[in-house]
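Please build the complete structure, drawing on both the sequences and the hints.
The sequence shown finishes on residue 220 if you use our numbering, and the numbering steps up by one all the way, no holes.
Keep in mind that the hints are not guaranteed to be accurate.
[Said to hold, decoys possible] Okay, derived cross-link-like pairs now, DSS-like style, lysine-lysine, Cα gap no bigger than 27 Å in a straight line:
1) Lys210 <-> Lys163
2) Lys2 <-> Lys217
3) Lys92 <-> Lys124
4) Lys45 <-> Lys124
5) Lys79 <-> Lys200
6) Lys107 <-> Lys82
7) Lys44 <-> Lys99
8) Lys2 <-> Lys45
9) Lys96 <-> Lys52
10) Lys82 <-> Lys104
11) Lys107 <-> Lys124
12) Lys82 <-> Lys163
Derived from the structure by calculation, the hints contain no laboratory data.
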Amino acid sequence: MKFFIDTANIAQIKEANDLGILDGVTTNPSLMAHEGITGVENIKKHYVEICKIVNGDVSAEVISTDFDNIIREGEELAKLHKNIVVKVPMIKDGIKAIKFLTSKGIKTNCTLVFSAGQAILAAKAGATYVSPFLGRLDDVGTAGDGVALVDQIVKIYRTYNYKTQVLAASIRSPEHIIKCAEVGADVVTSPLASILGLLKHPLTDVGLEKFLADYRKGNQ
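Here it is as structure tokens:
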């Protein structure tokens, strides 16, 4: 399973990359705004800076919702760097745009997916990635609904041999990451905190402290 980090924060991206486990980055307009990055040209420059750090796919989201402008934005974003994946919303014109961009050899990420039906359409259009939003689905339903959707999409894709990768998004915890791994997600995109949370276990802390204490006793 690939690990992407879901942020526009350069320091966090560098930290995740330094861990040696980072495969890519996902961003969106909200994450850019959170970092104080505004204006089309500044946003484009920021995508390029991210691509210089990460040797993997970097999702850059369009803000248009009509076919012609999604294509225009998507082609402009794809020209920025070979690692750019054009992130397109799950809407009618978005699906049409994914089909077109795919035909031009441009990688795409179909975002804001909340049902298996939407995921099927994204795969049929040729999306490189499909992004079901776990946390947001759990927020409006029952805990576990998001992981259940990922499981459902994975099974459908395997049945029909779709090449689209299932990119589990809106990750809220280390447990979300583990659950996605269990059901076969190809990728998770997560805040840095959730990734770092995978490092932690109380028995690891206890064991390490004992090893160090024993070492100090024998080497005073």
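Margin query: Run through the hints listed earlier and report the numbers of any the structure violates, in increasing order.
Written below: Of the numbered hints, 1, 2, 4, 5 and 9 do not hold.
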